[in-house]
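K.L.:
Using the sequences and the accompanying hints, generate a full structural model.
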Amino acid sequence: MDMTYGREDHKTDVLVVGGGIGGLAAAVSIKELAPELDVMIVEKQTAGYSGKANKGGGVLQYFDLTRIKPEDFVAYHAANIGCFLGDQDLMKTYVSMNNHMLDKLVEWGARLPKRADGGYDVVPTGPMTAMIGVDLDITLKIRQTAEKMGVKVLDKVTVSDLLTANGRIAGAVGYSILDGKFYTFNAKAVVLATGSQNYRIGPMWSSGRGDGIAAAYRAGAEMRNAEFGNFAQLVKVRSHHEVVFGENYMYNKNDVHITKNFRTHPEPDISSTAVAEWYKQISADLGPIILKEEKAPGGGIYGIWDRPYGQTFWRLNEESGAAIDVDAEVCPMLIGEQSPLKVGHDMMTTIPGLYAVGDVSYCGSAAPGAVPAPPARNRGSGILNAVFAGIMCSQSAVDTAKGIGMPDVDEAQIEACAERVYAPLKRKSGASSKDVIRLVQKAIGPVEQSVYMSAHRIDTALKYVEKAKELAKELAADDFHELLSCHEAEAMVLCAEMQFRAARLRRESRGWFLREDYPEMDNENWLKWIIVKKHGDEMVFVTEDVPYEKWPIRPL
Amino acid sequence: MIDTRHKINFDASKCVGCKLCYKACFVDVIRWDEEKKKPVFKYVEDCEHCFYCASVCKKGCIEVVPDYSSEKLLQTFDRYL
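Residue numbers (the working numbering), protein chains in the order written: chain U, 1 to 556; chain Z, 557 to 637.
Treat the hints as calculated values from the structure; they're not laboratory data. Please note that a few of the clues may not be correct.
Just a sample of chain Z residues kept apart from chain U, beta carbon distances all over 12 Å, derived [claimed, not checked]:
1) His562
2) Phe566
3) Asp567
4) Lys570
5) Val572
6) Gly573
7) Arg587
8) Lys593
9) Glu604
10) Arg635
Straight-line Cα separation of at most 27 Å, DSS-like style, residue types lysine-lysine; simulated pairs [stated by the list, open to error]:
11) Lys570(Z) to Lys434(U)
12) Lys570(Z) to Lys426(U)
13) Lys473(U) to Lys442(U)
Values in this document were obtained by computation on a predicted structure and should not be read as measured data. Backbone N, C-alpha and C fix where the C-beta goes; we use that ideal spot for every residue, glycine too.
P.N.:
Dropping the structure here:
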């Protein structure tokens, strides 16, 4: 093979791809169960700094399990949030493990503010839910813990493809984004923790670019709930800073409180109907839409807890927005959050030995149901779902790694991957990654195409995706930074295609999923999951019945 | 986001070479000059104004100056492109 950039081969019992909260939780959990196993984290930037957990609001969902039963929350969630598309057993396990997960985070070094009496400093958010803060060095602390336990960390290396042998996972390949060196990883078990697809639109915590999803798809893994990759949030039109819960205070140019058009009772978070309402108002020339928000004293949630590490980060962001936001005019911004890797309760994908945790598989796990995840209209569930999945995969990953010998790797497969990976560098001219991304963003960005959908508007979006797909065949790069951007652009094309084509199939509205041409929930025909998989060069869609009969909460 | 025009001002005289800004950048804007032990702001057009580099710099060497007009909202209406 072409050795222009050099090659380095690794063998490890367990390979973890991604050094955000999910990957770190998985690595530490696996080491706790089996210290003798070699565990290696590969991260395309820097483990402990990458991912989302260190860039958001630093909140963890809390359940007072002395007061509520897990099944009470599941009943509420299944009917009101997941809309009967959620796996109620998995959600129940998640809620049941809440206090255990918080204690684990503390054990791993995370700083959760406590009250003087030693209990967690809990802020109620609803009849059954509450949240507690966590400082933003959470991932750095867990990286330190992981390294103390013997987990090896390789930064600035991106995993571009997964290796399979005899129908199971055998490892992965990738390259250094600094010098282009080619890496192979031979592993008995691989844990993908590469985050969701955010289409490079929103800033900050919406950083997932879908490269792990694309690698798993190419390797043959099935996807589920790919159509729920269309989360959008209201942002200030000047600073583009998000306004969480702003949907409760939307007013049009005639000073009419338009929230009343889509919301009759308090809801836990933004809904797609709020996004649709913005679109309808602007289309009717009733904009701009302004928030008239009652400001919480003391700097909102950031001021509630003592979290010294995150304070500078939050302050700089808030100050920069305040300097430019002369009023509270808002518009929606597509965030995305496609997280479709299909996994079972042990977080194993449909490829034996390949696990997927955190935002790469939140919707694919089916736990959140009919809603993009995170946050899945369930604030504080993003970080904790990643911790949950990391713990849930650990026993099975250990069993896999102990139960088999090191799988063979196929040099021909490795060579094919290398050829694909470096192809943009070999082209003297071609499309830039940003040309491709612009087309994908034209498809996914406008909320009437991605959130408030119709067959006609989905078809419009798909035309842009098709153009992007064509252009992506000729991607060219002149350095390794651009090479990574090319691979991310390819992943965006793939994710957008599966998202829109699945959305075209789902002829109903359910939970967050909203179609103008099919406005009703259709329990007769659509208590189904849409499964996407690769068959040869074709993207194939099939449906699976949701086994709602086995769960306590059923549609009427 | 792509094609942003955020600016990053860097005061090299205060920099002690701790490398935290380089590690904190999750979009590969910042590379590291191993000889000079200083950051190189190489791909500024990919900056997402997260302020993480400025947040972790204990010496206050880095100032991120966002140009929000260079970020796209991507809605169909002229006002929200």
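K.L.:
When the hints from earlier in the document are held up against this structure, which numbers fail?
P.N.:
1, 7, 9, 10, 11 and 12
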